[in-house]
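Engineer: full-length UniProt numbering numbers the first residue of the sequence shown as 1 and each following residue consecutively.
Any given hint could be a false lead.
[What the hints assert, rightly or not] For lysine to aspartate or glutamate, the following EDC-like pairs were computed, each having C-alpha atoms within a straight-line distance of at most 20 Å: (1) LYS137 x GLU119; (2) LYS137 x ASP94; (3) LYS116 x GLU149; (4) LYS47 x ASP94; (5) LYS116 x GLU126; (6) LYS70 x ASP206; (7) LYS116 x ASP183; (8) LYS57 x ASP234; (9) LYS116 x ASP33; (10) LYS70 x ASP162; (11) LYS116 x ASP94; (12) LYS148 x GLU126; (13) LYS47 x GLU248.
The hints are simulated quantities; they were obtained by calculation from the structure and are not laboratory data. Predicted, not measured: the structure shown is a model, and the values here were computed from it.
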Amino acid sequence: MASAPSHHPEKRPVPAESNPNLNASQAQWLFTDEELTRTPSQLDGMKMEAEHISRSKGVNFITQVGIMLKLPQLTLATAAVYLHRFFMRYSMVDIPQRSGMHPYPIAATALFLATKVEENVRRMRELVVACCRVAQKNPNLVVDEQSKEFWKWRDTILHHEDLLLEALCFDLQLEQPYRILYDFICFFGANENKPLRNAAWAFVNDSMFTVLCLQFNARTIAASALYAAARHCDVGFPDDDRGRPWWEQIDVDLTQVRRACMRMAQLYENNAMQKHSQYYPTTPILSDEGTEKTRIPHAGSPADRPPAETDVTHSRKRSKEPEDSGEARGNVSAASNGEPRRINSRAHPPLPGRAYQTQEALPPSPLRADLISTASYLRHYLIPPLTTVTRIPYHQLPVHSHVEIATTVLPLAG
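Required output: the full structure, derived from the provided sequences and hints.
Structural biologist: Below you can see the structure in the form of C-alpha coordinates.
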(Lines of atoms letter the chains of each structure in order from A and count residues from 1; the text may use other names and numbers.)
(Lines give C-alpha, C1' and ligand atoms only; values in the text may rest on other atoms or scores of the structure.)
Protein backbone atom coordinates (compact mmCIF):
# COMPACT_ATOMS: atom_id res chain seq x y z
CA MET A 1 0.00 0.00 0.00
CA ALA A 2 1.41 3.33 -1.05
CA SER A 3 1.78 5.88 1.71
CA ALA A 4 0.70 9.46 1.19
CA PRO A 5 3.54 11.98 0.81
CA SER A 6 4.16 14.34 3.68
CA HIS A 7 4.07 17.38 1.41
CA HIS A 8 2.84 18.21 -2.05
CA PRO A 9 5.50 18.40 -4.78
CA GLU A 10 6.05 21.74 -6.43
CA LYS A 11 4.44 22.41 -9.77
CA ARG A 12 6.83 21.70 -12.60
CA PRO A 13 7.52 24.68 -14.85
CA VAL A 14 5.82 24.73 -18.23
CA PRO A 15 8.29 23.77 -20.98
CA ALA A 16 9.57 27.08 -22.27
CA GLU A 17 9.24 28.28 -25.82
CA SER A 18 12.22 27.90 -28.09
CA ASN A 19 14.68 30.59 -28.98
CA PRO A 20 12.74 33.10 -31.14
CA ASN A 21 15.67 33.51 -33.53
CA LEU A 22 15.88 29.75 -33.97
CA ASN A 23 12.13 29.56 -34.50
CA ALA A 24 12.31 32.24 -37.18
CA SER A 25 15.04 30.40 -39.05
CA GLN A 26 13.20 27.08 -38.77
CA ALA A 27 9.96 28.61 -40.07
CA GLN A 28 11.64 29.22 -43.42
CA TRP A 29 11.81 25.45 -43.89
CA LEU A 30 8.12 24.77 -43.24
CA PHE A 31 5.99 24.15 -46.32
CA THR A 32 2.28 23.91 -47.04
CA ASP A 33 0.54 20.86 -48.50
CA GLU A 34 0.37 22.59 -51.88
CA GLU A 35 4.09 23.35 -51.86
CA LEU A 36 4.86 19.71 -51.08
CA THR A 37 3.10 18.75 -54.31
CA ARG A 38 5.52 20.92 -56.30
CA THR A 39 8.88 19.58 -55.18
CA PRO A 40 11.67 19.42 -57.80
CA SER A 41 11.24 15.65 -58.14
CA GLN A 42 7.50 15.92 -58.75
CA LEU A 43 7.98 18.75 -61.22
CA ASP A 44 10.27 16.37 -63.14
CA GLY A 45 7.53 13.76 -63.34
CA MET A 46 7.94 11.66 -60.19
CA LYS A 47 4.76 10.80 -58.31
CA MET A 48 4.39 11.95 -54.73
CA GLU A 49 4.15 8.40 -53.39
CA ALA A 50 7.34 7.39 -55.19
CA GLU A 51 9.17 10.44 -53.87
CA HIS A 52 8.12 9.73 -50.29
CA ILE A 53 9.23 6.11 -50.63
CA SER A 54 12.63 7.27 -51.89
CA ARG A 55 12.91 9.69 -48.96
CA SER A 56 12.06 6.86 -46.57
CA LYS A 57 14.74 4.67 -48.11
CA GLY A 58 17.27 7.45 -47.59
CA VAL A 59 16.27 7.82 -43.93
CA ASN A 60 16.46 4.05 -43.51
CA PHE A 61 19.99 4.16 -44.92
CA ILE A 62 20.88 6.81 -42.34
CA THR A 63 19.40 4.69 -39.57
CA GLN A 64 21.25 1.51 -40.54
CA VAL A 65 24.60 3.28 -40.90
CA GLY A 66 24.01 5.13 -37.62
CA ILE A 67 23.33 1.87 -35.80
CA MET A 68 26.59 0.42 -37.07
CA LEU A 69 28.45 3.53 -35.91
CA LYS A 70 26.57 3.60 -32.57
CA LEU A 71 25.43 7.17 -33.12
CA PRO A 72 22.84 8.85 -30.86
CA GLN A 73 19.28 9.12 -32.10
CA LEU A 74 19.53 12.91 -32.10
CA THR A 75 22.30 12.75 -34.70
CA LEU A 76 20.26 10.43 -36.91
CA ALA A 77 17.25 12.75 -36.68
CA THR A 78 19.40 15.73 -37.65
CA ALA A 79 20.69 13.88 -40.70
CA ALA A 80 17.13 12.94 -41.69
CA VAL A 81 16.04 16.59 -41.57
CA TYR A 82 19.01 17.57 -43.73
CA LEU A 83 18.02 14.94 -46.29
CA HIS A 84 14.38 16.05 -46.42
CA ARG A 85 15.37 19.69 -46.82
CA PHE A 86 17.90 18.89 -49.54
CA PHE A 87 15.27 17.26 -51.73
CA MET A 88 13.12 20.37 -51.48
CA ARG A 89 15.79 22.00 -53.69
CA TYR A 90 17.12 19.11 -55.78
CA SER A 91 15.42 16.43 -57.84
CA MET A 92 15.87 12.67 -57.75
CA VAL A 93 14.83 12.26 -61.40
CA ASP A 94 17.32 11.81 -64.23
CA ILE A 95 16.65 14.11 -67.18
CA PRO A 96 18.71 14.68 -70.36
CA GLN A 97 20.13 17.94 -69.05
CA ARG A 98 21.41 16.50 -65.76
CA SER A 99 21.44 13.48 -63.50
CA GLY A 100 19.16 13.11 -60.52
CA MET A 101 20.35 12.89 -56.94
CA HIS A 102 20.15 9.38 -55.54
CA PRO A 103 18.99 9.25 -51.89
CA TYR A 104 21.82 7.03 -50.64
CA PRO A 105 24.80 9.33 -51.39
CA ILE A 106 22.85 12.29 -49.99
CA ALA A 107 21.93 10.24 -46.91
CA ALA A 108 25.58 9.35 -46.31
CA THR A 109 26.62 12.98 -46.75
CA ALA A 110 23.84 14.21 -44.45
CA LEU A 111 24.96 11.78 -41.75
CA PHE A 112 28.58 12.86 -42.17
CA LEU A 113 27.55 16.50 -41.74
CA ALA A 114 25.25 15.72 -38.80
CA THR A 115 28.02 13.95 -36.89
CA LYS A 116 30.05 17.14 -37.00
CA VAL A 117 27.16 19.46 -36.17
CA GLU A 118 26.04 17.33 -33.21
CA GLU A 119 29.66 16.75 -32.12
CA ASN A 120 29.52 12.97 -32.50
CA VAL A 121 32.28 12.78 -35.08
CA ARG A 122 33.32 9.44 -36.54
CA ARG A 123 36.38 8.82 -38.66
CA MET A 124 35.85 9.00 -42.40
CA ARG A 125 37.11 5.44 -42.74
CA GLU A 126 34.50 4.15 -40.26
CA LEU A 127 31.70 6.00 -42.04
CA VAL A 128 32.74 4.79 -45.49
CA VAL A 129 33.03 1.17 -44.34
CA ALA A 130 29.58 1.34 -42.74
CA CYS A 131 28.11 2.83 -45.93
CA CYS A 132 29.66 0.05 -48.02
CA ARG A 133 28.25 -2.62 -45.72
CA VAL A 134 24.75 -1.15 -45.70
CA ALA A 135 24.74 -0.57 -49.46
CA GLN A 136 25.86 -4.17 -50.06
CA LYS A 137 23.44 -5.45 -47.38
CA ASN A 138 26.29 -7.33 -45.74
CA PRO A 139 27.06 -6.20 -42.16
CA ASN A 140 30.17 -8.40 -42.07
CA LEU A 141 31.63 -7.23 -45.36
CA VAL A 142 35.41 -6.79 -45.33
CA VAL A 143 36.15 -3.49 -47.08
CA ASP A 144 39.62 -2.85 -48.46
CA GLU A 145 40.66 0.79 -48.10
CA GLN A 146 42.32 0.61 -51.53
CA SER A 147 39.26 -0.77 -53.31
CA LYS A 148 37.22 1.20 -55.84
CA GLU A 149 34.10 0.85 -53.70
CA PHE A 150 35.79 2.47 -50.71
CA TRP A 151 37.15 5.42 -52.69
CA LYS A 152 33.89 5.88 -54.59
CA TRP A 153 31.96 6.37 -51.36
CA ARG A 154 34.67 8.57 -49.87
CA ASP A 155 34.83 10.86 -52.90
CA THR A 156 31.03 10.95 -53.16
CA ILE A 157 30.61 12.09 -49.56
CA LEU A 158 33.26 14.79 -49.85
CA HIS A 159 31.88 16.01 -53.19
CA HIS A 160 28.28 16.22 -51.98
CA GLU A 161 29.16 17.92 -48.69
CA ASP A 162 29.58 21.33 -50.34
CA LEU A 163 26.42 20.76 -52.37
CA LEU A 164 24.46 19.88 -49.23
CA LEU A 165 25.73 22.90 -47.33
CA GLU A 166 24.76 25.18 -50.20
CA ALA A 167 21.28 23.63 -50.45
CA LEU A 168 20.75 24.05 -46.71
CA CYS A 169 21.97 27.67 -46.91
CA PHE A 170 24.36 26.73 -44.06
CA ASP A 171 21.32 26.65 -41.75
CA LEU A 172 22.54 23.74 -39.67
CA GLN A 173 21.20 24.51 -36.19
CA LEU A 174 18.05 22.47 -35.54
CA GLU A 175 15.59 22.01 -32.73
CA GLN A 176 14.58 18.38 -32.42
CA PRO A 177 11.34 17.19 -30.76
CA TYR A 178 13.11 14.73 -28.44
CA ARG A 179 14.09 17.24 -25.76
CA ILE A 180 10.69 18.94 -25.94
CA LEU A 181 8.92 15.59 -25.65
CA TYR A 182 10.99 14.71 -22.60
CA ASP A 183 10.07 18.07 -21.02
CA PHE A 184 6.38 17.43 -21.72
CA ILE A 185 6.51 13.98 -20.13
CA CYS A 186 8.28 15.32 -17.05
CA PHE A 187 5.84 18.23 -16.84
CA PHE A 188 2.91 15.83 -16.52
CA GLY A 189 4.80 13.60 -14.09
CA ALA A 190 4.78 10.64 -16.49
CA ASN A 191 8.52 10.12 -16.82
CA GLU A 192 8.24 6.76 -15.02
CA ASN A 193 5.35 5.57 -17.20
CA LYS A 194 7.36 3.24 -19.40
CA PRO A 195 4.69 2.30 -21.99
CA LEU A 196 3.74 5.94 -22.52
CA ARG A 197 7.35 7.05 -22.77
CA ASN A 198 8.28 4.26 -25.19
CA ALA A 199 5.26 4.85 -27.40
CA ALA A 200 5.84 8.61 -27.62
CA TRP A 201 9.52 8.11 -28.42
CA ALA A 202 8.67 5.54 -31.11
CA PHE A 203 6.19 7.90 -32.76
CA VAL A 204 8.87 10.60 -32.97
CA ASN A 205 11.33 8.08 -34.42
CA ASP A 206 8.79 7.02 -37.04
CA SER A 207 8.10 10.62 -38.00
CA MET A 208 11.64 10.84 -39.43
CA PHE A 209 10.51 8.64 -42.33
CA THR A 210 7.84 11.17 -43.30
CA VAL A 211 7.93 14.82 -44.34
CA LEU A 212 6.52 15.84 -40.96
CA CYS A 213 9.63 17.94 -40.25
CA LEU A 214 8.80 19.99 -43.37
CA GLN A 215 5.27 20.79 -42.20
CA PHE A 216 5.37 21.28 -38.43
CA ASN A 217 7.78 22.69 -35.89
CA ALA A 218 9.44 20.51 -33.27
CA ARG A 219 7.06 21.52 -30.49
CA THR A 220 4.01 20.42 -32.48
CA ILE A 221 5.64 17.11 -33.42
CA ALA A 222 6.50 16.43 -29.77
CA ALA A 223 2.94 17.23 -28.64
CA SER A 224 1.52 15.03 -31.40
CA ALA A 225 3.69 12.10 -30.36
CA LEU A 226 2.61 12.56 -26.74
CA TYR A 227 -1.05 12.74 -27.76
CA ALA A 228 -0.81 9.61 -29.92
CA ALA A 229 0.99 7.75 -27.14
CA ALA A 230 -1.60 8.82 -24.56
CA ARG A 231 -4.44 7.56 -26.76
CA HIS A 232 -2.60 4.33 -27.44
CA CYS A 233 -1.79 3.70 -23.76
CA ASP A 234 -5.21 4.96 -22.60
CA VAL A 235 -3.61 7.52 -20.29
CA GLY A 236 -5.14 10.85 -19.33
CA PHE A 237 -3.48 14.06 -18.19
CA PRO A 238 -5.17 16.13 -15.46
CA ASP A 239 -6.50 19.62 -16.05
CA ASP A 240 -4.83 22.36 -14.04
CA ASP A 241 -6.48 24.32 -11.23
CA ARG A 242 -7.96 26.71 -13.82
CA GLY A 243 -9.63 23.89 -15.72
CA ARG A 244 -7.35 24.08 -18.73
CA PRO A 245 -6.78 20.85 -20.69
CA TRP A 246 -3.30 19.50 -21.20
CA TRP A 247 -2.77 21.02 -24.66
CA GLU A 248 -3.43 24.50 -23.35
CA GLN A 249 -1.06 23.94 -20.43
CA ILE A 250 1.85 23.22 -22.77
CA ASP A 251 0.74 25.96 -25.20
CA VAL A 252 0.22 24.00 -28.43
CA ASP A 253 -2.41 24.37 -31.14
CA LEU A 254 -4.73 21.36 -31.00
CA THR A 255 -5.64 21.75 -34.68
CA GLN A 256 -1.99 21.44 -35.68
CA VAL A 257 -1.54 18.51 -33.31
CA ARG A 258 -4.43 16.71 -34.99
CA ARG A 259 -2.99 17.37 -38.45
CA ALA A 260 0.40 16.03 -37.40
CA CYS A 261 -1.23 12.90 -35.94
CA MET A 262 -2.99 12.28 -39.24
CA ARG A 263 0.35 12.55 -41.05
CA MET A 264 1.85 10.07 -38.60
CA ALA A 265 -1.02 7.66 -39.24
CA GLN A 266 -0.37 7.78 -42.99
CA LEU A 267 3.05 6.24 -42.39
CA TYR A 268 1.41 3.05 -41.14
CA GLU A 269 -1.24 3.06 -43.87
CA ASN A 270 0.88 3.57 -46.98
CA ASN A 271 3.22 0.62 -47.42
CA ALA A 272 3.59 -2.30 -49.75
CA MET A 273 2.44 -4.93 -47.26
CA GLN A 274 -0.98 -6.52 -47.47
CA LYS A 275 -3.57 -4.63 -45.48
CA HIS A 276 -5.91 -7.58 -44.97
CA SER A 277 -3.97 -9.35 -42.25
CA GLN A 278 -4.07 -9.39 -38.47
CA TYR A 279 -1.29 -6.78 -38.42
CA TYR A 280 -3.52 -4.16 -40.04
CA PRO A 281 -6.40 -3.51 -37.63
CA THR A 282 -9.08 -0.95 -38.44
CA THR A 283 -8.56 2.06 -36.21
CA PRO A 284 -10.99 4.96 -35.65
CA ILE A 285 -9.03 8.14 -36.35
CA LEU A 286 -11.75 10.79 -36.36
CA SER A 287 -13.77 10.12 -33.23
CA ASP A 288 -15.27 12.84 -31.08
CA GLU A 289 -14.29 11.13 -27.86
CA GLY A 290 -10.54 10.88 -28.46
CA THR A 291 -9.39 14.18 -27.04
CA GLU A 292 -11.58 13.94 -23.96
CA LYS A 293 -10.08 10.53 -23.23
CA THR A 294 -6.71 12.20 -22.75
CA ARG A 295 -8.16 14.64 -20.20
CA ILE A 296 -8.81 14.18 -16.51
CA PRO A 297 -11.11 16.97 -15.27
CA HIS A 298 -9.82 18.96 -12.35
CA ALA A 299 -11.53 18.00 -9.08
CA GLY A 300 -11.05 20.20 -6.04
CA SER A 301 -8.44 22.79 -5.29
CA PRO A 302 -4.68 22.37 -5.70
CA ALA A 303 -4.45 21.54 -2.01
CA ASP A 304 -6.67 18.50 -2.49
CA ARG A 305 -4.25 16.73 -4.80
CA PRO A 306 -0.78 17.32 -6.22
CA PRO A 307 -0.56 18.55 -9.80
CA ALA A 308 -0.22 15.89 -12.50
CA GLU A 309 -1.16 13.18 -10.01
CA THR A 310 -4.39 11.34 -9.33
CA ASP A 311 -3.92 8.30 -7.15
CA VAL A 312 -6.66 5.68 -7.12
CA THR A 313 -4.57 2.79 -5.83
CA HIS A 314 -4.46 3.52 -2.11
CA SER A 315 -6.58 0.63 -0.91
CA ARG A 316 -5.76 -2.23 -3.23
CA LYS A 317 -2.66 -4.28 -3.81
CA ARG A 318 -0.85 -4.28 -7.11
CA SER A 319 -0.48 -7.61 -8.83
CA LYS A 320 2.90 -8.43 -10.25
CA GLU A 321 2.98 -7.83 -13.99
CA PRO A 322 4.96 -9.95 -16.45
CA GLU A 323 7.99 -8.25 -17.93
CA ASP A 324 6.60 -7.97 -21.46
CA SER A 325 3.22 -6.68 -20.35
CA GLY A 326 1.98 -3.45 -21.90
CA GLU A 327 1.18 -2.06 -18.42
CA ALA A 328 3.54 0.17 -16.49
CA ARG A 329 4.85 -1.03 -13.15
CA GLY A 330 2.99 1.07 -10.63
CA ASN A 331 2.80 4.26 -12.63
CA VAL A 332 -0.70 4.07 -14.09
CA SER A 333 -3.92 2.63 -12.77
CA ALA A 334 -6.95 1.57 -14.76
CA ALA A 335 -10.35 2.77 -13.71
CA SER A 336 -13.12 0.18 -13.66
CA ASN A 337 -15.66 2.47 -15.35
CA GLY A 338 -13.79 2.76 -18.67
CA GLU A 339 -12.16 6.12 -17.94
CA PRO A 340 -8.56 6.69 -19.01
CA ARG A 341 -5.86 5.51 -16.69
CA ARG A 342 -4.43 8.28 -14.60
CA ILE A 343 -0.90 9.30 -13.97
CA ASN A 344 0.40 8.30 -10.54
CA SER A 345 3.73 9.92 -9.78
CA ARG A 346 4.26 7.79 -6.67
CA ALA A 347 5.59 4.87 -8.63
CA HIS A 348 8.31 2.32 -8.27
CA PRO A 349 11.54 3.17 -10.12
CA PRO A 350 11.67 1.69 -13.62
CA LEU A 351 13.61 -1.50 -14.19
CA PRO A 352 16.78 -1.44 -16.31
CA GLY A 353 15.86 -1.10 -19.96
CA ARG A 354 16.42 -3.70 -22.62
CA ALA A 355 18.42 -3.15 -25.78
CA TYR A 356 16.78 -2.44 -29.12
CA GLN A 357 15.75 -5.59 -30.93
CA THR A 358 17.86 -4.91 -33.99
CA GLN A 359 20.76 -6.67 -35.61
CA GLU A 360 23.26 -4.15 -34.32
CA ALA A 361 23.94 -2.60 -30.94
CA LEU A 362 21.71 0.21 -29.70
CA PRO A 363 23.05 3.67 -30.57
CA PRO A 364 23.63 5.61 -27.34
CA SER A 365 21.27 8.52 -26.87
CA PRO A 366 21.14 11.30 -24.26
CA LEU A 367 17.44 10.59 -23.72
CA ARG A 368 17.58 6.82 -24.19
CA ALA A 369 16.27 5.67 -20.79
CA ASP A 370 14.67 2.27 -21.43
CA LEU A 371 13.53 3.03 -24.97
CA ILE A 372 12.62 0.30 -27.41
CA SER A 373 13.05 0.07 -31.14
CA THR A 374 10.52 1.13 -33.72
CA ALA A 375 10.14 -2.45 -34.91
CA SER A 376 9.57 -3.75 -31.40
CA TYR A 377 7.03 -1.02 -30.76
CA LEU A 378 5.13 -1.75 -33.95
CA ARG A 379 4.88 -5.39 -32.98
CA HIS A 380 3.88 -5.05 -29.35
CA TYR A 381 2.22 -1.69 -28.85
CA LEU A 382 0.36 -0.44 -31.91
CA ILE A 383 -2.55 -2.88 -31.86
CA PRO A 384 -4.78 -0.79 -29.51
CA PRO A 385 -6.65 2.09 -31.19
CA LEU A 386 -5.21 5.54 -31.80
CA THR A 387 -7.79 8.30 -32.01
CA THR A 388 -7.16 11.92 -32.96
CA VAL A 389 -10.03 14.38 -32.68
CA THR A 390 -10.90 17.87 -31.62
CA ARG A 391 -11.98 18.69 -28.11
CA ILE A 392 -15.77 18.38 -27.65
CA PRO A 393 -17.54 18.15 -24.26
CA TYR A 394 -18.41 14.56 -23.56
CA HIS A 395 -22.15 15.16 -23.12
CA GLN A 396 -22.33 16.67 -26.62
CA LEU A 397 -20.81 13.69 -28.41
CA PRO A 398 -22.85 12.28 -31.31
CA VAL A 399 -23.61 8.60 -31.24
CA HIS A 400 -21.97 7.67 -34.54
CA SER A 401 -19.25 10.13 -35.47
CA HIS A 402 -16.10 8.41 -36.52
CA VAL A 403 -14.38 7.45 -39.73
CA GLU A 404 -12.52 4.17 -39.78
CA ILE A 405 -9.31 3.77 -41.68
CA ALA A 406 -6.83 0.93 -41.89
CA THR A 407 -3.76 1.41 -39.73
CA THR A 408 -0.90 -0.71 -41.00
CA VAL A 409 1.66 -2.42 -38.81
CA LEU A 410 4.73 -4.06 -40.29
CA PRO A 411 4.94 -7.73 -39.23
CA LEU A 412 8.32 -8.87 -37.98
CA ALA A 413 9.98 -11.93 -39.40
CA GLY A 414 10.17 -14.77 -36.92
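Engineer: For the pair supplied as a hint, LYS148 and GLU126, is the alpha-carbon distance within the 20 Å limit?
Structural biologist: The hint holds at about 16 Å.
Engineer: Would the hint linking LYS116 and ASP183 be met if the CA-CA limit is 20 Å?
Structural biologist: Distance ~26 Å between LYS116 and ASP183 Cα, so the pair is violated.
Engineer: Within a Cα-Cα threshold of 20 Å, do LYS70 and ASP206 meet the stated pairing?
Structural biologist: 19 Å, holds
Engineer: With the threshold set at 20 Å, check whether the alpha-carbon distance from LYS116 to GLU126 stays at or below it.
Structural biologist: With a Cα-Cα distance of about 14 Å, the restraint between LYS116 and GLU126 holds, given a limit of 20 Å.
Engineer: Verify the proposed pairing of LYS137 with ASP94, using a straight-line Cα cut of 20 Å.
Structural biologist: 25 Å, violated
Engineer: Keeping to a limit of 20 Å between CA atoms, is the pair of LYS70 and ASP162 held or broken?
Structural biologist: 25 Å, violated
Engineer: Taking 20 Å as the top limit, are the C-alpha atoms of LYS116 and ASP33 close enough?
Structural biologist: 32 Å, violated
Engineer: Given the hint that LYS116 pairs with GLU149, test it: the Cα-Cα distance must not exceed 20 Å.
Structural biologist: Violated. LYS116 to GLU149 sits at ~24 Å, over the 20 Å cutoff.
Engineer: Check whether the Cα positions of LYS47 and GLU248 lie no farther apart than 20 Å.
Structural biologist: 38 Å, violated
Engineer: Holds or violated: are the alpha carbons of LYS47 and ASP94 at most 20 Å from each other?
Structural biologist: 14 Å, holds
Engineer: Tell me if the straight-line CA distance from LYS57 to ASP234 falls inside 20 Å.
Structural biologist: Distance of about 32 Å is beyond 20 Å: violated.
Engineer: Taking only the CA atoms, is the gap from LYS116 to ASP94 under or equal to 20 Å?
Structural biologist: 31 Å, violated
Of the numbered hints stated above, those contradicted by the structure are hints 1, 2, 3, 7, 8, 9, 10, 11 and 13, listed in ascending order.
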